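> Listed below are the residues making up each chain.
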Amino acid sequence: MKTSDIHWFKFSSPPNFYWLAGRMWPWFATLAATLTLIGLWIAFFVAPIDAQQGQGYRIIFVHVPASQMAMFIYLVMAAWAGFGLAFNTRLSGMMASALAPTGALFAFLSLLTGALWGKPMWGTWWVWDARLTSTLILLFLYLGFLALQSSIDDARRADKACAVLALVGVVNVPIIYFSVNWWNTLHQGASVSLSKSPSMAAPMLWGMLIMVVAFWMYTIAVTLARVRTIILDRERHTEWVKNAVE
Amino acid sequence: MQWNSVSEFFAMGGYAFYVWGSFGATAAVMLLEMLHVRRQRQEMRRSLRNELLSEGASS
Amino acid sequence: MKTLGLGSVLLAVLRREVSLALRQKGEVLTPLVFFVVIASLFPLGVGPESALLQRMAPGVLWVSALLAAMLSLQRLFATDYADGSLEQMALSSTPLGLLVVAKAISHFLLSGLPLVLMAPVLGLQFGLDGRALGLLMLTLLLGTPTLSLIGSIGAALTLGVRGAGVLLSLLILPLYIPVLIFGAGAVESDAAGMGAGGHLSLLAAMLVLSIFFAPIATTTALRISLE
Numbered sequence: 001m002k003t004s005d006i007h008w009f010k011f012s013s014p015p016n017f018y019w020l021a022g023r024m025w026p027w028f029a030t031l032a033a034t035l036t037l038i039g040l041w042i043a044f045f046v047a048p049i050d051a052q053q054g055q056g057y058r059i060i061f062v063h064v065p066a067s068q069m070a071m072f073i074y075l076v077m078a079a080w081a082g083f084g085l086a087f088n089t090r091l092s093g094m095m096a097s098a099l100a101p102t103g104a105l106f107a108f109l110s111l112l113t114g115a116l117w118g119k120p121m122w123g124t125w126w127v128w129d130a131r132l133t134s135t136l137i138l139l140f141l142y143l144g145f146l147a148l149q150s151s152i153d154d155a156r157r158a159d160k161a162c163a164v165l166a167l168v169g170v171v172n173v174p175i176i177y178f179s180v181n182w183w184n185t186l187h188q189g190a191s192v193s194l195s196k197s198p199s200m201a202a203p204m205l206w207g208m209l210i211m212v213v214a215f216w217m218y219t220i221a222v223t224l225a226r227v228r229t230i231i232l233d234r235e236r237h238t239e240w241v242k243n244a245v246e
Numbered sequence: 001m002q003w004n005s006v007s008e009f010f011a012m013g014g015y016a017f018y019v020w021g022s023f024g025a026t027a028a029v030m031l032l033e034m035l036h037v038r039r040q041r042q043e044m045r046r047s048l049r050n051e052l053l054s055e056g057a058s059s
Numbered sequence: 001m002k003t004l005g006l007g008s009v010l011l012a013v014l015r016r017e018v019s020l021a022l023r024q025k026g027e028v029l030t031p032l033v034f035f036v037v038i039a040s041l042f043p044l045g046v047g048p049e050s051a052l053l054q055r056m057a058p059g060v061l062w063v064s065a066l067l068a069a070m071l072s073l074q075r076l077f078a079t080d081y082a083d084g085s086l087e088q089m090a091l092s093s094t095p096l097g098l099l100v101v102a103k104a105i106s107h108f109l110l111s112g113l114p115l116v117l118m119a120p121v122l123g124l125q126f127g128l129d130g131r132a133l134g135l136l137m138l139t140l141l142l143g144t145p146t147l148s149l150i151g152s153i154g155a156a157l158t159l160g161v162r163g164a165g166v167l168l169s170l171l172i173l174p175l176y177i178p179v180l181i182f183g184a185g186a187v188e189s190d191a192a193g194m195g196a197g198g199h200l201s202l203l204a205a206m207l208v209l210s211i212f213f214a215p216i217a218t219t220t221a222l223r224i225s226l227e
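Line by line, the protein sequences are chains B, R and C. Quick note on our numbering: the first sequence kicks off at 1 and runs consecutively. Quick note on our numbering: the second sequence kicks off at 1 and runs consecutively. Quick note on our numbering: the third sequence kicks off at 1 and runs consecutively.
It should be emphasised that the hints constitute simulated quantities derived from the structure, not laboratory data. Treat each hint with caution, since some may be false.
[As the list claims (entries may be wrong)] Within a straight-line C-alpha distance of at most 25 Å, the following computed DMTMM-like cross-link-like pairs (lysine to aspartate or glutamate) qualify:
| no. | chain 1 | residue 1 | chain 2 | residue 2 |
| --- | --- | --- | --- | --- |
| 1 | B | 10 | B | 235 |
| 2 | B | 10 | B | 153 |
| 3 | B | 242 | B | 154 |
| 4 | B | 242 | R | 8 |
| 5 | B | 242 | R | 51 |
| 6 | B | 10 | B | 239 |
| 7 | B | 119 | B | 50 |
| 8 | B | 119 | B | 233 |
| 9 | B | 242 | R | 43 |
| 10 | C | 25 | C | 83 |
| 11 | B | 119 | R | 8 |
[As the list claims (entries may be wrong)] Covered stretches of chain C (chain B as the covering partner; in silico rule of three or more C-beta atoms under 8 Å from a C-beta of chain B):
| no. | segment |
| --- | --- |
| 12 | 151–158 |
| 13 | 174–181 |
[Said to hold, decoys possible] Partial selection, computed: residues in chain C whose CB lies under 10 Å from chain B:
| no. | residue |
| --- | --- |
| 14 | 127 |
| 15 | 208 |
| 16 | 211 |
Being a predicted model, the structure only gives us computed values, none of them experimental. For every residue, glycine included, the Cβ atom is placed at its ideal position computed from N, Cα and C.
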C-alpha cells in the first residue's frame, strides 16, 4: 500500500487511532530502549571525567533530558489542547490527557536529579536557582491539570476545561520563567546556579542529545499506550469497543 | 575505557550515591510508569468486559 | 425600544454586583480579616525581631494579599450559577465577556481595594517606612486587578466542581507567581536603592495583558462549564 493511498485523516477517528497507536508504540519503545543503551554507553564509557565536578557531573545525562521533556511535553499538551478546542475533536483532548502524567513525572525527576546533583556540588539539597524554581512551578501546573481532570466527572467537559487551563499555562510559562530569572538574579548572593554546567566536550553533548531523543521516544511510546486505554474508556458505548474487548 | 576496575566504576569517584541514585530513580520511575499504564489497560478491559457480560445477562 | 450601549450595560452589571455583594457584608469583610490574620501569623512564627520583619514585610504582605484575594474568588460565579441567572446572562444578547469584565472589576473593588487600603496599617506593624508603605500600596493597586482577572479564569473553570475552593487555589497560584515576584520585588528593590521603575512597569504590563486576554479565557471556560 503506497503512502499516498493512506488517508491520514481517517486516523482522527478514535477506533482508527486506537489501531494505529497499537501498532506504533512497540516501535517507539524499541527505539527508546536502543537509544537509551547507546546514551548510557556514552555517558559512562565515552564521556571523560570532568575537571571540576569529577564523576558527579554524569547526572546531567538524566537531569537535562528530564527537564527538556518536562518542558516539551507541556508545549505538546497545550498544542493538542488548542487543537481540540479549535476543531472540537475528541481525540485531541484524549492525547493531552495522556501526555500529562508523563510530563509531571519528568518534572519531578528533573527536580529530584537536580537535588542529587546540587548536594555534592553546592552543598545543599535544594537551590532556588531560576531553572529549578521554574521547573517546580511547571510541576504545579501539571498537578493542577491532573487535579482539574480528575474532579470533573463529564469527560468532555474535563477535556475542554483542561484545554483552557493548558493554554493559559503555556502562555504563562515564559512569563513565569522570566520573572523567576529576574527574582533569582536580584537575590543572587553566592553565585549558585545549576546552569553553570561543565564545559561541554563533544562526547558529553552527544550523550545528552541521544538521551533527550531516547526520552522523547519513550514519551511517545507511553503516551500512545496510555491513550488507548483512555479511548476505550471514553468510547465504551460503541460497537467497536465492545468487539475490541471481547 | 577509563575505569581501571569494576569497583571504581561503582564508586563513581565518591559520587556513587548521587549518580546511581539519579539514574536509579529515573529508571525506577520510568519502569513504574510503564507497569502502571499496562495495569490500567488490563483493568479497563476487565471492567468493560464485566459491563458487557452483565448487559448481556440482563437483556 | 432604545438599545443600551455597552458602557451602560457594564455599569448596570457592576452596580448589581456591588449591591449584591454589599448585602452580604460578612462575605466582603471576611477576606479582609483573613488578610490581617495571615499577615499577623508570620511574626508569631518567626519572632518579633524588627530587622527580620522589615526585610520580610513586602513578601509576607503580598502573599497574604494574594491568599485573601483568592478566598473570595469562589463566589464570583457560584451564586449566579446556582440560581440559574448565569445561564440567562450567557444566553442574552449582551456579550458574556462584558459580564466577566464587570465581575472582575467588582471583585477588585470589593476585595482588592480594601486590601490596598489595609496594607499600610499592617506595613506599620512590620516597621516599613512611609516611602515603602506608599510603594506597597501602589504595587497592590496595580497587582490586585490582575489577580482578579486571572482568578476569574480559575473560578470559571471550577464552577460547580467538587472541592472547587482548594482546586481553584492550586490552579491559580502558579499563575500568580509573576505578579508576586514583581509586586514584592518592587518594594524590596526600592528599599535597596535600586529603584522600582522596572518592577512597576512590568506590573502594569501584566495588568494590560490580563485585561486583554483573561476575559477571553474566562468566557471560554464559562461556556464550557455551562454546557
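> If a hint holds in the structure, say so; if it doesn't, say that too.
Here is how each hint holds up against the structure:
1. B:10 with B:235: 17 Å, holds
2. B:10 with B:153: Outside the cut-off at roughly 29 Å; violated.
3. B:242 with B:154: Holds, at about 21 Å.
4. B:242 with R:8: Given pair residue 242 of chain B, residue 8 of chain R is violated - Cα atoms ~57 Å apart, limit 25 Å.
5. B:242 with R:51: Answer holds: residue 242 of chain B to residue 51 of chain R is near 10 Å, not above 25 Å.
6. B:10 with B:239: The given pair, whose Cα atoms are some 18 Å apart, holds under the 25 Å limit.
7. B:119 with B:50: Answer holds: residue 119 of chain B to residue 50 of chain B is near 17 Å, not above 25 Å.
8. B:119 with B:233: Between residue 119 of chain B and residue 233 of chain B the Cα gap is close to 44 Å, so the pair fails against 25 Å, i.e. violated.
9. B:242 with R:43: Given that 25 Å is the threshold and the Cα spacing comes to 15 Å, the pair holds.
10. C:25 with C:83: 20 Å, holds
11. B:119 with R:8: The given pair, whose Cα atoms are some 21 Å apart, holds under the 25 Å limit.
12. 151–158: It holds: at least three residues are needed, and the segment 151–158 of chain C offers 3 whose Cβ sits within less than 8 Å of chain B.
13. 174–181: Coverage by chain B holds for the segment 174–181 of chain C (5 residues, Cβ < 8 Å).
14. 127: 21 Å, violated
15. 208: 13 Å, violated
16. 211: Not OK, violated: residue 211 of chain C not within 10 Å of chain B, min 14 Å.
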